[in-house]
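One-letter residues, chain by chain:
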Amino acid sequence: MKLKGHTQPRDFKAINPWQRLLVLAMVTFTIAPFAPLVIQSLAFRWAWPNILPTVWWHEQRGLSPLPLAWDYVFSSSSRVAEATANTLGIGIAVTLLCLVVCLPAARVLAQSNFRGKSQLEFLIVLPLLLPEAAIGIALLMIFIGLGLAGTYVGVIIVHLIPTIPYMVRMLTAVYQGHGTEAEDHARVLGASRSQVFFQVTLPMILPGVIAGCLFTFLVSTNLFLLTFFIGQGEIITLPTLLFAKISGGALNATGAGIALIASLPGIILLFFTDRFIRSYPLAT
Amino acid sequence: MPKPYKAHTAITGPLARRQTLRDLAQVLPLFVVLFFLFGGAVVLAVLQSFGYAPWFGINEFPSTHYYERLWLSADFWLSLGYTLYYAIAATLIGLVISIPLSIALCARFKASRIFSALIRLPLMVPYSVGIALALVMLGNGGLLSRFSAFIGWIDDPAQFPLILRTHWGWGIIAVYVWKQVPFMTLALAAVLVRKGDDTHEAALVLGATSSQIFWRVTLPQIMPGIVSASLICFAFNIGAFEAPFILGGGYPDTLPVLAWRYFQDANYAFQLQGMAVVVSLALVSGLILSLYLLAYRRYERARGRV
Chain A
1 MKLKGHTQPR DFKAINPWQR LLVLAMVTFT IAPFAPLVIQ SLAFRWAWPN ILPTVWWHEQ
61 RGLSPLPLAW DYVFSSSSRV AEATANTLGI GIAVTLLCLV VCLPAARVLA QSNFRGKSQL
121 EFLIVLPLLL PEAAIGIALL MIFIGLGLAG TYVGVIIVHL IPTIPYMVRM LTAVYQGHGT
181 EAEDHARVLG ASRSQVFFQV TLPMILPGVI AGCLFTFLVS TNLFLLTFFI GQGEIITLPT
241 LLFAKISGGA LNATGAGIAL IASLPGIILL FFTDRFIRSY PLAT
Chain B
1 MPKPYKAHTA ITGPLARRQT LRDLAQVLPL FVVLFFLFGG AVVLAVLQSF GYAPWFGINE
61 FPSTHYYERL WLSADFWLSL GYTLYYAIAA TLIGLVISIP LSIALCARFK ASRIFSALIR
121 LPLMVPYSVG IALALVMLGN GGLLSRFSAF IGWIDDPAQF PLILRTHWGW GIIAVYVWKQ
181 VPFMTLALAA VLVRKGDDTH EAALVLGATS SQIFWRVTLP QIMPGIVSAS LICFAFNIGA
241 FEAPFILGGG YPDTLPVLAW RYFQDANYAF QLQGMAVVVS LALVSGLILS LYLLAYRRYE
301 RARGRV
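Protein chains in written order, with UniProt numbering: chain A, 1 to 284; chain B, 1 to 306.
Chain A extracted, bound-state conformation (with noise of 0.2 Å):
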């Protein structure tokens, strides 16, 4: 990722005046509209026209010791906890299920040459073609028959179709930008093949490994669509859960703190992850 040429980071000054609109006005669009929904969040009344809450909850703190929705939020009849614990644990399984499927196939699909190759990548970015609400409901009626929609197996089996493009062209490329020298070279001494796979090639990889899961983790997390069908409302996870709050058209100072509980793993993802998702090969 460096660049030739310029060893030194310029001053935000070094892009043109255009450019600067572009990227001050792109950040306010992002994320200025956060602002209201925290606002609204720790509101007691907030009618139109006025800009900011008349009345905030800290002036009605006697009345309850949280901001109303927070109370709400963290209480049992929301349903937050139990959507986040769905949420986290089907991200993990889907991880980890995605990881087992991929990693094999990316090496395979890296280092060898077989007839049918082209054909296989085709079927592999073929869940990003396609209508996920054709997939879904096309899906739905397998999984009724077989007895697994609304439960998580249903759930985990279904979110892998999304993830396993992802997991597979970030996989893939990190094998290919290692070869498969040091592998030889272990071998030639003596290796066994679990110990090459261990001691050698899972050191050299891991990066890209966890950058692999960490998104693929994020795109389970955050999908609404096949766990909204596949689910049948058994199963809720925090997109599911603020879609139901929010499908009237209006949103409350609930439905504000379910939308911020549900951008957490997002937030956390993103301060956190910073240099690992920096690079990975989207547009491969």
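Just so you know, these hints were derived from the structure itself, not from any lab.
Be aware that a few hints might be false.
Stated by the list, open to error - If you want the footprint, here are the derived chain B segments under chain A, 3+ residues with CB under 8 Å:
| hint | stretch |
| --- | --- |
| 1 | 38–46 |
| 2 | 231–242 |
| 3 | 277–288 |
Stated by the list, open to error - Quick list of simulated restraints, FRET-style, between CB atoms:
| hint | chain 1 | residue 1 | chain 2 | residue 2 | range |
| --- | --- | --- | --- | --- | --- |
| 4 | B | 206 | A | 93 | 52 to 60 Å |
| 5 | A | 176 | B | 267 | 50 to 58 Å |
| 6 | A | 178 | B | 251 | 48 to 56 Å |
| 7 | B | 195 | A | 182 | 24 to 32 Å |
| 8 | B | 220 | A | 122 | 21 to 29 Å |
| 9 | B | 220 | A | 118 | 23 to 31 Å |
| 10 | B | 159 | A | 35 | 23 to 31 Å |
| 11 | B | 68 | A | 153 | 36 to 44 Å |
| 12 | B | 204 | A | 204 | 34 to 42 Å |
| 13 | B | 147 | A | 100 | 46 to 54 Å |
| 14 | B | 204 | A | 55 | 57 to 65 Å |
| 15 | A | 189 | B | 211 | 53 to 61 Å |
| 16 | B | 159 | A | 93 | 45 to 53 Å |
| 17 | B | 75 | A | 180 | 55 to 63 Å |
Note that beta-carbon positions come from the ideal geometry of N, C-alpha and C, so glycine has one too.
Position chain B relative to chain A; hints supplied.
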């Protein structure tokens, strides 16, 4: 313990076959998962849309009845039009924003890391969060409406121009753009970083103006990134459900919402109609994507790159 020479003689007969078998075994899980999930879904969807559903006591296979009813209704074409309009408009606006944005962020100024991290936030949160933001910003009681009242444009929420729940779909498009600009920007930035600065500098040295550099050097170079990012976003938009469901203008809905409504109908027979909608959607999407790829291939061939 394996003999050392095996690693380099693995090209001969039986060993080569063993390697091939091992490769095959390693690809197999992925193939099985994709083939059964997709193959099963596609076969079943097509069968059902042609009237095969013995579990509901319906078996009129092969009947084109459901397609006829669908394709002969004017509302279907209206739905298709809305679906395509939202998907194409959002993809185009997203591209127009993210191409200059990725170029600006690749200039590596001091704060570019912070800015690119901030801009990446929508990529990390669910679509429904974007919809919640659209409701709180763009709704008639939302923040923009309050600001309009503040500066004296309107004095009643009802006077605020309808942004959500219209067939113009401003809200839907805004959510798609908000969510997809980071994705496109990242994809394009990856291509920009890989191509490096050399050609750009060479053009500069040879006296090209900055607009010439953009149109003749940078844009052709990032074209593969533009195509793949816009393909993925378009395909997603055309099959998206929650944004048109919540922010859309109601009947006639976009095709995914229409399919879902058929599917939720108390009358089971409507599920077959829903399947016809789903298959039509997949066909239209496939057709447009192949035409797009074909056009791109012609472009590349004209430039002598393929």
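Going down the list of hints, with the structure as the test:
A count of 6 residues in the stretch 38–46 of chain B with a Cβ less than 8 Å from any Cβ of chain A is obtained; the coverage claim is therefore met, three being the minimum. Counting residues of the stretch 231–242 of chain B whose C-beta lies closer than 8 Å to any C-beta of chain A gives 9; at least three are required, and the coverage claim holds. For the stretch 277–288 of chain B, the stated coverage by chain A is satisfied: 6 residues place a CB nearer than 8 Å to a CB of that chain, which reaches the threshold of 3. Checked against the given bound of 52 to 60 Å, the beta carbons of residue 206 of chain B and residue 93 of chain A, roughly 56 Å apart, stay inside it.
Range check, residue 176 of chain A to residue 267 of chain B: Cβ separation about 52 Å, and the 50 to 58 Å hint holds. At roughly 55 Å, the beta carbons of residue 178 of chain A and residue 251 of chain B sit within the given window of 48 to 56 Å. The supplied range of 24 to 32 Å is met by residue 195 of chain B and residue 182 of chain A, whose beta-carbon atoms lie about 28 Å from each other. The hinted range of 21 to 29 Å is satisfied by residue 220 of chain B and residue 122 of chain A, whose Cβ atoms lie roughly 25 Å apart.
Residue 220 of chain B and residue 118 of chain A have their C-beta atoms about 25 Å apart, which keeps the hinted 23 to 31 Å range intact. At about 24 Å, the beta-carbon gap between residue 159 of chain B and residue 35 of chain A stays in the expected band of 23 to 31 Å. At roughly 38 Å, the beta carbons of residue 68 of chain B and residue 153 of chain A sit within the given window of 36 to 44 Å. Between residue 204 of chain B and residue 204 of chain A the beta carbon distance is about 38 Å. The supplied range of 34 to 42 Å therefore holds.
One distance hint, 46 to 54 Å for the beta-carbon pair residue 147 of chain B and residue 100 of chain A, holds here, with the actual separation near 51 Å. In this structure, residue 204 of chain B and residue 55 of chain A meet the distance hint of 57 to 65 Å, their C-beta atoms being roughly 59 Å apart. A C-beta distance of roughly 58 Å is found between residue 189 of chain A and residue 211 of chain B, which places it inside the suggested range of 53 to 61 Å. One distance hint, 45 to 53 Å for the beta-carbon pair residue 159 of chain B and residue 93 of chain A, holds here, with the actual separation near 50 Å.
Taking the beta carbon of each, residue 75 of chain B and residue 180 of chain A are about 58 Å apart, inside 55 to 63 Å as hinted.
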